[in-house]
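K.L.:
Sequence:
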Amino acid sequence: MSKAGMSTAFSVQPLLASALSAVPSHFKPNELAYLALTKKPEDVIRDAVSLELRTTVPSGYEVAREWRRCDLAVLSFQNATIPNSGKPQSIVEFKSMYTFDPLINGKSWDHLPMALLKDMKTRRKKFSAAKEVIGVLAATHTNAQIGMPYQDYITKYWEDINRAFGKYGNNASAILKACTQQIQTLLAKNGFTFAPCYINAGQWTGVSVEIHFWIIK
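Last residue of the sequence shown? That's 262 in our numbering, and every number before it is there in order.
30 Å max Cα-Cα, derived DSSO-like pairs, lysine-lysine:
(1) Lys222 <-> Lys152
(2) Lys166 <-> Lys85
(3) Lys201 <-> Lys84
(4) Lys222 <-> Lys201
(5) Lys176 <-> Lys85
(6) Lys262 <-> Lys170
(7) Lys84 <-> Lys262
(8) Lys132 <-> Lys170
(9) Lys234 <-> Lys163
(10) Lys222 <-> Lys166
(11) Lys176 <-> Lys163
(12) Lys152 <-> Lys85
(13) Lys163 <-> Lys132
(14) Lys73 <-> Lys84
(15) Lys234 <-> Lys212
(16) Lys262 <-> Lys234
(17) Lys132 <-> Lys262
(18) Lys170 <-> Lys152
(19) Lys85 <-> Lys163
(20) Lys176 <-> Lys262
(21) Lys176 <-> Lys132
(22) Lys152 <-> Lys166
(23) Lys201 <-> Lys73
(24) Lys212 <-> Lys84
(25) Lys152 <-> Lys212
(26) Lys152 <-> Lys201
Rather than coming from a laboratory, the hints here were simulated on the basis of the structure.
Bear in mind the structure is a predicted one, so any value in this text is a computation, not a measurement.
Using the sequences and the hints given, assemble the complete structure.
P.N.:
Below, the structure written as structure tokens:
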């Protein structure tokens, strides 16, 4: 935290897009692509965003990870000398998926975004004094199928990635467009507003990797 003292209410939402855009800068070239294809990168994205927000929140605030079962919380401090005096100003929950999910997993594809929306509603109820509860949904996207030798379960969900490319004629843009439509329809249907953005994560297994985000409120 920068300076102690009285804090003025602010919104973390305008800071999130720039924090997400800066996520790749916390890794060496292509490291984020590796992390995104070998495991859902929810935690590494959350941690990088936390580091970014710590440099941009105003005086009198601090960013906490895994605060009272929240993925990320921005706490306001009126007196930083009093233990446990931080009050939740903004809460951010994260979930990660892949762009193939809505395309090959049938009616069950939405369990991850719906879990995120449920988490947001739970946090709003539990921390009713917080100014805002925001969700960040991330979807990892590749520009091509996963080839050998990375198919041997080194790449997480390589079979599903390749199945989506087979279904959509090896057209990465078509996969992304169909996924985006499904996600945004789901969010709007459930009464949430959202702002999309994306980052280039680099390359791994010979394919380029992007991570697409929806900042949800």
